[in-house]
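S.K.: Sequence:
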Amino acid sequence: MVAILVGLMGSGFGKFKPFLKSSASSGRSVLAGRGMAVLDSCMLCDEGPENVIHILKDCYTAHELWDSFPPLPTTVFYETNLVDWLRLNCNSTKRYAVANLNWGTVFSFGIWSLWLRRNGVLFRGESPSCNLRKEVTSKATEFTYVGVNGKRTQTRQQISVRWCSLPLHWHKVNSDGSAFGNPGRAGGGDLIRHDKGEWIRGYARAIGCTTKVAAELWALRVVLDCVLL
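So in UniProt numbering the end of the sequence shown lands on 229, straight run, no missing numbers.
Treat the hints as calculated values from the structure; they're not laboratory data.
Please note that a few of the clues may not be correct.
[Stated by the list, open to error] Capping the alpha-carbon separation at 30 angstroms, the derived lysine-lysine pairs in DSS-like fashion look like this:
(1) Lys172 / Lys212
(2) Lys94 / Lys134
(3) Lys94 / Lys139
(4) Lys196 / Lys172
[As the list claims (entries may be wrong)] Simulated restraints, written as ranges between beta carbons of each label pair:
(5) Glu47 / Glu142: 31 to 39 angstroms
(6) Asp225 / Lys196: 21 to 29 angstroms
(7) Arg156 / Ser178: 46 to 54 angstroms
For each residue, glycine too, the CB sits at the ideal point set by N, CA and C.
Model the full structure from these sequences, guided by the hints.
M.R.: Structure, rendered in structure tokens:
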């Protein structure tokens with residue numbers, strides 16, 4: 001089984017390679033076949049040998065997950081062998097209508113979540129998740145918009161920032177205040193220019209110890225005094 005799964009890894013399985021390797025050699029039926037003193041039945045349903053294809057596809061708990069997604073062609077989805085099942089679904093480019101996600105991405109997180117759930121029940125005594133579909137969709141959505149879309153090359157846009165001339169006889173006021181900490185040492189400054197962009201008056205001074213908001217308001221008050229007086 002390990003050799004079969006490793007052969008699939010050239011088809012774009014990416015970070016699921018370690019998962020496929022470990023799952024291929026960790027089912028209870030595999031361990032029992034190696035002579036270890038463990039029951040080979042599935043601990044979630046107790047209805048079949050716990051191997052990879054049972055955990056991810058044939059167990060009724062796996063059916064509950066897959067059946068919760070939009071209608072799938074049953075004869076294709078449930079009746080194919082493990083190798084073809086993984087290849088067809090992981091490489092699928094069809095869209096999952098609910099969140100407009102790639103089905104290959106949703107499926108990959110589905111089998112991963114099924115395996116993690118099995119390990120949580122077996123090794124940590126956790127209760128099986130009652131809303132695995134929501135968990136899978138959430139992980140697939142995050143991966144799509146942060147992992148996949150985040151790697152796409154962004155189109156560069158150059159925006160020129162410059163002084164824009166004012167209407168005739170208008171003046172422009174720029175005011176700012178800041179603090180090194182909140183509260184902390186603060187200062188403020190103002191600048192007044194006319195319609196040609198030339199300096200009319202301005203100032204910069206220390207305020208003392210105050211908050212950032214207070215520094216902004218203080219600088220604004222001072223420049224209003226300058227304009228109104």
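S.K.: Now look at each hint and say whether the structure bears it out.
M.R.: Against the structure, the hints:
1. Lys172 / Lys212: Satisfied, since the Cα-Cα distance of roughly 23 angstroms is no more than 30 angstroms.
2. Lys94 / Lys134: holds, 19 angstroms
3. Lys94 / Lys139: holds, 18 angstroms
4. Lys196 / Lys172: holds, 10 angstroms
5. Glu47 / Glu142: 31 to 39 angstroms: holds, 33 angstroms
6. Asp225 / Lys196: 21 to 29 angstroms: Given about 24 angstroms between the Cβ atoms, the range holds.
7. Arg156 / Ser178: 46 to 54 angstroms: violated, 31 angstroms
The earlier numbered hint that this structure contradicts is number 7, and it is the only one.
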